[in-house]
Amino acid sequence: MGVRHINPEGLHRSPAFSQAVVVEQPAKTIYIGGQNGVDADGKVVGPTVGEQARQIFRNLATLLESEGATLANIVHWRIAVVAGHTFDEGVAAFQEAWNRNDPPPAITVHSVAGLGPGFLVELDAVAVV
Amino acid sequence: MGVRHINPEGLHRSPAFSQAVVVEQPAKTIYIGGQNGVDADGKVVGPTVGEQARQIFRNLATLLESEGATLANIVHWRIAVVAGHTFDEGVAAFQEAWNRNDPPPAITVHSVAGLGPGFLVELDAVAVV
Amino acid sequence: MGVRHINPEGLHRSPAFSQAVVVEQPAKTIYIGGQNGVDADGKVVGPTVGEQARQIFRNLATLLESEGATLANIVHWRIAVVAGHTFDEGVAAFQEAWNRNDPPPAITVHSVAGLGPGFLVELDAVAVV
Numbered sequence: 642m643g644v645r646h647i648n649p650e651g652l653h654r655s656p657a658f659s660q661a662v663v664v665e666q667p668a669k670t671i672y673i674g675g676q677n678g679v680d681a682d683g684k685v686v687g688p689t690v691g692e693q694a695r696q697i698f699r700n701l702a703t704l705l706e707s708e709g710a711t712l713a714n715i716v717h718w719r720i721a722v723v724a725g726h727t728f729d730e731g732v733a734a735f736q737e738a739w740n741r742n743d744p745p746p747a748i749t750v751h752s753v754a755g756l757g758p759g760f761l762v763e764l765d766a767v768a769v770v
Numbered sequence: 642m643g644v645r646h647i648n649p650e651g652l653h654r655s656p657a658f659s660q661a662v663v664v665e666q667p668a669k670t671i672y673i674g675g676q677n678g679v680d681a682d683g684k685v686v687g688p689t690v691g692e693q694a695r696q697i698f699r700n701l702a703t704l705l706e707s708e709g710a711t712l713a714n715i716v717h718w719r720i721a722v723v724a725g726h727t728f729d730e731g732v733a734a735f736q737e738a739w740n741r742n743d744p745p746p747a748i749t750v751h752s753v754a755g756l757g758p759g760f761l762v763e764l765d766a767v768a769v770v
Numbered sequence: 642m643g644v645r646h647i648n649p650e651g652l653h654r655s656p657a658f659s660q661a662v663v664v665e666q667p668a669k670t671i672y673i674g675g676q677n678g679v680d681a682d683g684k685v686v687g688p689t690v691g692e693q694a695r696q697i698f699r700n701l702a703t704l705l706e707s708e709g710a711t712l713a714n715i716v717h718w719r720i721a722v723v724a725g726h727t728f729d730e731g732v733a734a735f736q737e738a739w740n741r742n743d744p745p746p747a748i749t750v751h752s753v754a755g756l757g758p759g760f761l762v763e764l765d766a767v768a769v770v
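Chains as they are written, first to last, in my numbering: chain W, 642 to 770; chain E, 642 to 770; chain V, 642 to 770.
Incorrect hints may appear among the rest.
Here are the in silico distance ranges between beta carbons for each label pair [unchecked claim]:
| # | chain 1 | residue 1 | chain 2 | residue 2 | range |
| --- | --- | --- | --- | --- | --- |
| 1 | V | G757 | W | R741 | 19 to 25 Å |
| 2 | W | V732 | E | V770 | 33 to 39 Å |
| 3 | E | T703 | V | G757 | 33 to 39 Å |
To be clear, the hints were calculated from the coordinates, so they are not data collected in a lab. All C-beta atoms, glycine included, are put in the ideal place defined by N, C-alpha and C.
Input sequences plus hints: build the corresponding full structure.
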């Protein structure tokens with residue numbers, strides 16, 4: 642596996658994301674479907690972005706561990722937050738879950754009109770091991 | 642090609658989607674752009690989510706067949722439905738088109754403010770052969 | 642690297658996009674996070690879709706050049722425009738930036754409720770070299 646997080650000269654640099662992530666083969670790619678703040682029974686864990694985001698990071702960790710990976714293996718994630726809610730609590734959840742020594746993934750963030758019933762935030766991802 | 646659909650212990654399990662799909666190389670990857678309910682002339686086939694979704698699944702089948710693949714090769718799809726419409730008819734179209742013996746893809750669903758003119762639903766996908 | 646842009650018989654054909662792009666291995670994949678109309682200091686370059694889209698294409702070019710690639714290496718891009726704005730100026734910016742002799746990428750376009758502060762348009766992409 643060869644994975645490089647790039648932030649070339651001339652582009653804005655942020656500790657919160659990488660501008661792009663380059664994957665050289667051979668590699669194992671994990672396509673992670675939209676994760677929501679639900680427990681193992683599919684029940685929404687709470688009515689706030691913060692609670693749901695923390696559960697999403699737990700679910701991601703569970704998924705990735707089952708493939709011998711961690712959050713650090715995510716190369717791109719896409720976050721959707723329901724309009725009228727900010728992602729501030731989601732950022733806080735990310736900061737709790739993420740090891741700051743790892744280069745962050747590429748990121749896309751949309752405010753959307755809606756998600757599934759009770760969901761305020763959804764996160765899908767591509768991970769590479 | 643090695644493709645595994647995973648639903649690890651501790652995550653909600655649903656017949657409608659897989660939590661993630663793992664792709665081991667070598668594999669051929671097909672990036673499918675946003676498909677809409679349009680015919681071969683680009684004309685919208687009808688004013689309902691159901692009609693448009695059925696056409697989308699026909700278009701997907703056409704695309705995949707041209708690469709020796711089927712719907713079962715999709716590893717992740719992302720569905721966008723225009724706000725104010727439910728995806729219920731889209732789910733019905735999926736159930737008609739999908740072979741229940743195949744493990745379902747990872748999925749992301751957003752309700753969005755809008756799509757191209759006349760479009761109520763859009764579906765893009767990554768498939769692996 | 643083997644990359645083929647496909648538009649099979651029976652699907653609508655447009656000069657603006659390919660229906661799908663097929664990637665045969667080995668290939669290097671670049672996951673490009675949501676790009677916005679910001680300069681190297683992260684400052685939004687202007688209050689119109691056109692200005693922001695032109696900056697996005699410049700940023701994409703910078704990113705891709707740092708990996709020995711060009712816009713032509715993009716296989717799929719996903720565009721989000723804030724509701725109430727059309728993407729017409731974005732299309733014009735694309736036409737300025739894109740070499741018409743290259744087969745266009747697969748595309749997904751959503752009108753979303755919102756993006757980060759000051760952003761009217763966001764574009765993420767997968768490129769293959």
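Each hint, compared with the structure:
no.: 1; hint: G757(V) - R741(W): 19 to 25 Å; in the structure: holds, 21 Å
no.: 2; hint: V732(W) - V770(E): 33 to 39 Å; in the structure: holds, 38 Å
no.: 3; hint: T703(E) - G757(V): 33 to 39 Å; in the structure: holds, 37 Å
In summary, this structure violates none of the numbered hints.
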